[in-house]
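Chemist: Protein sequences, first through last, are from chains A and B.
First residue of the first sequence? That's 0 in numbering that gives the first Met the number 0, and the numbers climb one at a time after it.
First residue of the second sequence? That's 0 in numbering that gives the first Met the number 0, and the numbers climb one at a time after it.
It should be emphasised that the hints constitute simulated quantities derived from the structure, not laboratory data.
Okay, the calculated bits of chain B under chain A, using three or more residues with CB under 8 Å as the criterion:
1) 50-57
2) 81-87
3) 91-100
4) 104-110
Residues of chain B placed beyond 10 Å of chain A at every Cβ, according to the derived structure:
5) 13
6) 63
7) 221
8) 222
9) 244
10) 287
11) 313
Beta carbons: idealized from backbone N, C-alpha and C, even for Gly.
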Amino acid sequence: MVPTSPLARFMSDGWIATRRNLIKIKRVPDILVFTLLQPIMFVLLFTYVYGGAIQIPGSNYTEFLMAGIFAQTVVFGATYSGSAMAQDLKDGIIDRFRTLPMSNATVLIGRTNGDLAINLLSVIVMMVTGFIVGWRINSGPLQAVAAVALLLLFSYAMSWVMAFIGMSVRSPEVINNVSFILLFPLTFVSNAFVPADTLPTPLRIFAEWNPVSALVQAVRELFGNVPAGTPVGDTWMQQNAPAAVVIGAALLLVIFVPLAISKFSRIASR
Amino acid sequence: MAFIEARGVRKTYFPKGVPPVHALDGLDLDVPQGTIKGLLGPNGAGKTTAVKALTTLIVPEEGTMTIDGIDVKAHPEQIRPIIGVSGQYAAVDENLTGFENLEMVGRLYHLGAKASRARATELIELFDLVEAQNRPVKGFSGGMRRRIDLAGALVARPRVLFLDEPTTGLDPRSRLALWDVIRSLASDGATVLLTTQYLEEADVLADHISVIDGGRVIAEGTTDELKNSIGGARIEISLGADAADNVVATRAVLAKLGTSEPILAPDGRTLTMPVDNAPAALATALGELGKRGIVPSDAGMRRPTLDDVFLQLTGHAATIEEEAAEPSKKSRRSRKGEK
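Isolated chain A (complex conformation) (with noise of 0.2 Å):
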């Protein structure tokens, strides 16, 4: 089938642009192996090495921790498309792109498609290593499927962000080195490991205006892992999380989807 109508060629571009992240996956398990593992790490490595020693009021470290893994993984899980569009970018394929009748979104949709896909494979390899150590869903099918949808959300997101990142250092090994920078304080001065209120005052007013705090506290709550007595912030965005992490993804999504194309429409290979 030739499509003709501008949207079906944007819907095939996007699909086509898609399909080559995926196969991508298929062809390096690496990447797969290495994504799925390590949440598994962190889940074991933080319920048995810190579970002991970290007493969460209310509530078991298991039950806490959970959604803050949860949202790290995802969140590094965008560094994906920042290396993929520094690789492409390196290896000239972006210049065979930039040159073919179609938009400059495409290369960008299939990308942040690929992590997509990607991030939801490890939620749920997450969910499953997390039932085996004694995480439970507390609450209804729809409110965890609403949890696993805000975090693909967030780290979608994320992707766009990381995409932009990628093409403006243009080194995959670079990248690495930046999200790290980026994400680690994002993720780690957060509520994902240990409750805001137990860090020092500036720490914990990041952390309870952290992005990324509003994403592990509206998975939280809506896998009901919040029993009574289990501290929560008193900012808006801890009070009102998942309202909080739709409007924090909207925003990042209005800023960055656009200056991640206009950057695209503009680089060129070397």
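Position chain B against the provided structure of chain A, taking the given hints into account.
Modeler: This is chain B only, laid out in the frame that chain A set:
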């Protein structure tokens, strides 16, 4: 109006820590429909920048460019469906197979699924990649990658084809095969702009050649016109192992035989001199050299080649700088500003 036309195109790069590089400095080009234009120039002359500007990859700050009457700067989206491009480095997806790469390009040209597969199969056969077609490109040799990239440029049977050093890195057999493909495309009506560092390639393929240096055209014409423009025959004297001692004396002998200066080849032992009457000049030269006790390892007369055109026009050889600069990736990156 020529099919591809460029007027006064300027593109300046500002690499950090060095003066601005005028990659294109008022480039004018005309390529009539259905012809092959060869763009010749030393490394850093602006060949690649010219191709990038015409293929919508970079936007020059000044000048106009049209392809089939369409303004390239104003309507890149109308240019892209009618052009095929193969850049200097193979632009292929490492993780896709050869077939998948071509099929993807076909789909992105909106040929449709079935036609894309058929075209990919055709090109795989044309470029002799049938056995490798289902292996990821990652495992391909440099020459095989080049061929997949070139095939990618041909997927949509474009009316205009831009080839930036298309045969660099190809073995002689693949080079000849590609020449056949380019010629048959042109005879079917395609317009081709090709850059090359191989003068022989321009000689064999191009209907018309533009020599560029410093980002602008310094000479134009058919190969014969260019060769005639720098005069008739030349004599060539090659010195043996004692070259270093005798170059100066030999140069002085040759200089008396004509009006221009003898040119020393980069090997440091071959001198070329344009002359009017080659047999007489050669006899005189050998006599004079004999008197001085200089015994050449080789001596002869020849018609001018494009190499001579190059040397005469640009003051430097076409390929030497390239060879010195190409081998390491590091030097390529450090010269990024020139591209």
